[in-house]
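Asks: Spelled out, the chains give:
Number of protein chains: 2
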Amino acid sequence: MADVIPIRIGVLGCAEIARKVSRAIQLAPNATLSAIASRSLDKAAAFARANRFPPDAKVYGSYEALLEDPDIDAVHMPLPTSLHLRWAVLAAQKKKHLLVEKPPAMNVAEFDKIVEACWDNGVQIMDGTMWLHHPRTHKMKEFLNDTERFGKPALVNSCFTLLADSDFLKNDIRVKPDLDGLGTLGDLGWYCINAILWAADYELPETVAALRAPVHNDAGVLLSCGASLHWRDGRIANFHTSFLSNLTMNLTVTGTKGTLHLTDFNIPQREDQASFTTLVNPKYNDLRTTWLSLPIEHTIETALPQETLMVEEFARLVAGIKRNGSKPDKTWPAISRKTQLVLDAVIASIENGFEPIEILG
Amino acid sequence: MADVIPIRIGVLGCAEIARKVSRAIQLAPNATLSAIASRSLDKAAAFARANRFPPDAKVYGSYEALLEDPDIDAVHMPLPTSLHLRWAVLAAQKKKHLLVEKPPAMNVAEFDKIVEACWDNGVQIMDGTMWLHHPRTHKMKEFLNDTERFGKPALVNSCFTLLADSDFLKNDIRVKPDLDGLGTLGDLGWYCINAILWAADYELPETVAALRAPVHNDAGVLLSCGASLHWRDGRIANFHTSFLSNLTMNLTVTGTKGTLHLTDFNIPQREDQASFTTLVNPKYNDLRTTWLSLPIEHTIETALPQETLMVEEFARLVAGIKRNGSKPDKTWPAISRKTQLVLDAVIASIENGFEPIEILG
Chain A
1 MADVIPIRIG
11 VLGCAEIARK
21 VSRAIQLAPN
31 ATLSAIASRS
41 LDKAAAFARA
51 NRFPPDAKVY
61 GSYEALLEDP
71 DIDAVHMPLP
81 TSLHLRWAVL
91 AAQKKKHLLV
101 EKPPAMNVAE
111 FDKIVEACWD
121 NGVQIMDGTM
131 WLHHPRTHKM
141 KEFLNDTERF
151 GKPALVNSCF
161 TLLADSDFLK
171 NDIRVKPDLD
181 GLGTLGDLGW
191 YCINAILWAA
201 DYELPETVAA
211 LRAPVHNDAG
221 VLLSCGASLH
231 WRDGRIANFH
241 TSFLSNLTMN
251 LTVTGTKGTL
261 HLTDFNIPQR
271 EDQASFTTLV
281 NPKYNDLRTT
291 WLSLPIEHTI
301 ETALPQETLM
311 VEEFARLVAG
321 IKRNGSKPDK
331 TWPAISRKTQ
341 LVLDAVIASI
351 ENGFEPIEIL
361 G
Chain B
1 MADVIPIRIG
11 VLGCAEIARK
21 VSRAIQLAPN
31 ATLSAIASRS
41 LDKAAAFARA
51 NRFPPDAKVY
61 GSYEALLEDP
71 DIDAVHMPLP
81 TSLHLRWAVL
91 AAQKKKHLLV
101 EKPPAMNVAE
111 FDKIVEACWD
121 NGVQIMDGTM
131 WLHHPRTHKM
141 KEFLNDTERF
151 GKPALVNSCF
161 TLLADSDFLK
171 NDIRVKPDLD
181 GLGTLGDLGW
191 YCINAILWAA
201 DYELPETVAA
211 LRAPVHNDAG
221 VLLSCGASLH
231 WRDGRIANFH
241 TSFLSNLTMN
251 LTVTGTKGTL
261 HLTDFNIPQR
271 EDQASFTTLV
281 NPKYNDLRTT
291 WLSLPIEHTI
301 ETALPQETLM
311 VEEFARLVAG
321 IKRNGSKPDK
331 TWPAISRKTQ
341 LVLDAVIASI
351 ENGFEPIEIL
361 G
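For the protein sequence lines, the chains are A and B, in the order given. Residues 1 to 361 (full-length UniProt numbering) are what the first sequence spells out, left to right. Residues 1 to 361 (full-length UniProt numbering) are what the second sequence spells out, left to right.
No lab work stands behind these hints: they were computed from the structure. Don't take every hint at face value.
[Stated by the list, open to error] In silico lysine to aspartate or glutamate, EDC-like type, Cα no more than 16 Å apart, as pairs:
1) B:Lys283 with A:Glu271
2) A:Lys283 with B:Asp165
3) B:Lys152 with A:Asp165
4) B:Lys95 with B:Asp120
[To be verified] Part of the chain B face toward chain A, derived, beta carbon under 8 Å:
5) Arg19
6) Lys20
7) Leu163
8) Arg212
9) Asn238
10) Leu244
11) Asn246
12) Thr254
13) His261
14) Asp264
[As the list claims (entries may be wrong)] Just so you have them, the derived chain A footprint on chain B, three or more residues with Cβ under 8 Å:
15) 132-142
16) 316-327
These numbers were taken from a predicted model, which means no experiment stands behind them. Glycine residues also receive a C-beta, built at the ideal position from the N, C-alpha and C atoms.
Start from the sequences and build out the full structure, keeping to the hints where you can.
Replies: Structure, rendered in structure tokens:
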């Protein structure tokens, strides 16, 4: 069958995350790892070896060369965020479908230019947010959509932090203003915002107000920050993200009747299964000294890890365009854009003395 | 031995919480339930019957009458917060030691008047925060004090909400401005603030800024709110409290090396044991698809429930004053006062357009 011919994906850059995605491309049943490019041919070759690229995968010493290759359908772009605009637009112009690392752009204006280039050239764009593709995420959504068990949404709380060591804080691209200049907000905060929007069925908040006392490094890159999001109907969400404290990856979504809670929302503790808890309509005993109903743990098995499911979804969309004349999917980039909008608003709020910023979708 | 003669405690009012504390007084080895007072003698008698008071417990039809009884050493005061000042001062003047429900006062100025009356009359004051007396709390504190496992404190996040039904929202004393006029902030928020201060070794934050979009009822009582607390050294804490969403009782304390997490910090799920998790220096596998170290669950048994341990501690302090000439303990009221100070600051911040309020200890 035509649709099992795998989509040929090239990797544009040897970033850390490219190792994980390269494996995911190899594991995805409808994709194949066709090329690697780096500005250094030696580095590209070493990356291909270290990550067990297929023997026939091509190795390029420049991004342009890979983009010129007519045997590549799509690229994974793990470059620093500040380079996305240039290379994503060029990739689109070269008719390469685009799986771009998050955040896809430095701001929504840049993102819109990238998307415009994609639509102009009939190529798919999807960002590299993996957890949205996990079957656990779909199962959790069923719970949030269940008005009997969850009720109406009221509050989301998300916290994603990690402790960066001194080498990271000095040298990592995520602390360099000219590379991943959005710092922890673009890295871990992206997932917090994304999870909050996911829980809100991607309805944008009315306002976003940054929490006070964000921490920047000397170059002005965010190392720690947070924000509150407010919807017109009274729903609220709070998040905190930081490179300055121990790994914490919590997501709590509270409705009028039920609560969803997990502590590994972005990277599940295990590859083959993942859990979350729900607490529905809890009651105490008469004297309120004991809980009569306890949180229930739900465990979801998955044959393929979430990053592979992401690649599979991307390749499925690309195959549809390439073979069936489908239009590029606009659902995934719409999610990316909303996440990027909120991210912009957090920065604007910090720059405006923590005043709430109105979100204009 | 003299010190096993139980401290005789009278209960001033038939509030819901008085049922739990009455049982705790009965269970405490060094206290005895000696009297109940209500403005209605019938109501007091019914309360004594329903809560299995000892046959020799006295039943009073006025608070004054109980306070005049020379055979009462101490009172539990579960009255609405707005009545505390009047009755707590009178109780102190009548030389009754005081276990007062939280929040002990409407604001720190009132609290200081109550404490002054207690010190003037040589009586103990302690507020009714139960969870601080649970052995789990002490065990968690050991973790937070362990610089090898926890590192330096960075972030506290606490969320305590419950879904009030329409009867509660119409009739409960916690939504009446002239009764428990501090609403959810004084009720559930008290515990959030208290837990944050506990995690900070009771070091007051430098500033407190309320989160935007608090919800008040028509009478101006808080039904939902939150705040960020900031310390000079960069530590931060965020909390949210509400009567408008499903029961959530989370506390997460993140240090540079370790994270403490629990979802029932204020009322443990079981009376005889309670758990928390710690995650220390976690690592992913090489590709960051699996956690190599997982949160560890710690379970602490307790022979007596936390509210009984609270009464036991209170009675121990009272016995020391009464029999050994000890001075009233000032540690517990200092904690109450700090909690009350932060609570005042949250309200001040809401009233001042969410500006940060400086805390002057």
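Asks: Which of the listed hints are not met by the structure?
Replies: 15, 16
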